[in-house]
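**Student:** Please take these sequences and the hints and turn them into a complete structure.
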Amino acid sequence: GDSVTQTEGPVTLSEGTSLTVNCSYETKQYPTLFWYVQYPGEGPQLLFKVPKANEKGSNRGFEATYNKEATSFHLQKASVQESDSAVYYCALRPSSNTNKVVFGTGTRLQVLP
Amino acid sequence: EAAVTQSPRNKVAVTGGKVTLSCNQTNNHNNMYWYRQDTGHGLRLIHYSYGAGSTEKGDIPDGYKASRPSQENFSLILELATPSQTSVYFCASGDGDNYEQYFGPGTRLTVL
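Order-wise, the sequence lines are chains A and B.
For the first sequence, the working numbering gives the first residue as 7, with consecutive numbering after it.
For the second sequence, the working numbering gives the first residue as 176, with consecutive numbering after it.
None of these hints come from the bench; they were simulated from the model.
You may find that some hints are simply not true.
In silico DMTMM-like pairs for lysine to aspartate or glutamate, Cα to Cα no more than 25 Å straight-line [stated by the list, open to error]:
(1) Lys58(A) / Glu247(B)
(2) Lys74(A) / Glu275(B)
(3) Lys106(A) / Glu275(B)
(4) Lys106(A) / Glu247(B)
(5) Lys232(B) / Glu14(A)
(6) Lys55(A) / Asp237(B)
(7) Lys55(A) / Glu275(B)
(8) Lys62(A) / Asp270(B)
(9) Lys55(A) / Glu254(B)
(10) Lys83(A) / Glu275(B)
(11) Lys34(A) / Glu247(B)
(12) Lys55(A) / Asp272(B)
(13) Lys55(A) / Asp270(B)
(14) Lys106(A) / Glu231(B)
(15) Lys58(A) / Asp213(B)
(16) Lys232(B) / Glu61(A)
**Tutor:** Okay, here's the thing in structure tokens:
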């Protein structure tokens, strides 16, 4: 079936250091890939999406490349801020024939000042 | 102004009781979803809907029913609540063309 596996948290970093959250996916279809972010006390919100293989998505300094060969979609940021502390979810929509989205288990990031 | 709202925001229920969680969206989206969020499991889909009058089973529908009486409203119903249904529940609406989902603020449910 369709699934997403991502870095287990929590991840603790100091301000100004770089972030990588690994995400791997499994599907036999042609997915759209997403990163969602959830701040404390709120619902998840879209960070960015990438509908096509080998393209990059980015927002707020975060970026990820849809690597079809490696079935990966790792989230990166060069320099994290305390305000980036949140839970990050990798997700996929398996194909254009469904409106369902499969989410990973989430990675909690804590950035220390 | 919040486009997806949920009520109640917090709920304490007794085992065997009936619980109804409500969701309202002003996005005019056809698709609506109910998820539960648990540590170690992330977001898991319970039920979803393609429009008024339709409901579909998600990945973990057992013990839950859903109702979509209108474009704006989508309810999750626990007929006989159990402690294992203690969780945070999120409602979302989605644009079928854009694929993005817009989430509500969540409802924390505790079943004693």
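**Student:** Now, for every hint given, state plainly whether the structure supports it.
**Tutor:** Structure-based check of each hint:
1. Proposed proximity of lysine 58(A) and glutamate 247(B) is contradicted: the alpha carbons are some 31 Å apart, above 25 Å.
2. Distance check on the hinted pair: lysine 74(A) and glutamate 275(B) sit about 21 Å apart at the alpha-carbon level, within 25 Å; holds.
3. Our distance criterion of 25 Å between C-alpha atoms is met by lysine 106(A) and glutamate 275(B), whose separation comes to about 11 Å.
4. For the proposed pair lysine 106(A) and glutamate 247(B), the alpha carbon gap of about 19 Å is at most 25 Å, so the pair holds.
5. For the hint linking lysine 232(B) to glutamate 14(A), the alpha-carbon distance of about 28 Å lies beyond 25 Å, and the restraint is violated.
6. The straight-line distance between the Cα atoms of lysine 55(A) and aspartate 237(B) is roughly 31 Å, outside the 25 Å bound, and the hint therefore fails.
7. For the proposed pair lysine 55(A) and glutamate 275(B), the alpha carbon gap of about 8 Å is at most 25 Å, so the pair holds.
8. For the proposed pair lysine 62(A) and aspartate 270(B), the alpha carbon gap of about 22 Å is at most 25 Å, so the pair holds.
9. Proximity of lysine 55(A) to glutamate 254(B) is assessed by CA-CA distance (about 37 Å); at most 25 Å being required, the pair is judged violated.
10. In summary, the hint linking lysine 83(A) to glutamate 275(B) is supported, as the alpha carbons are separated by about 22 Å, within the 25 Å threshold.
11. Straight-line distance between C-alpha atoms of lysine 34(A) and glutamate 247(B) comes to about 34 Å, which puts the hinted pair past the 25 Å bound.
12. Note on lysine 55(A) and aspartate 272(B): the hinted pairing holds, with a Cα-Cα distance of about 13 Å set against a maximum of 25 Å.
13. At most 25 Å may separate the alpha-carbon atoms for a hinted pair to count; lysine 55(A) and aspartate 270(B) meet this at roughly 14 Å.
14. With a C-alpha separation of about 11 Å, the suggested pair lysine 106(A) and glutamate 231(B) falls inside the 25 Å cut-off, and the hint holds.
15. With a C-alpha separation of about 30 Å, the suggested pair lysine 58(A) and aspartate 213(B) falls outside the 25 Å cut-off, and the hint is violated.
16. Proposed proximity of lysine 232(B) and glutamate 61(A) is contradicted: the alpha carbons are some 33 Å apart, above 25 Å.
The structure shown violates the earlier hints numbered 1, 5, 6, 9, 11, 15 and 16.
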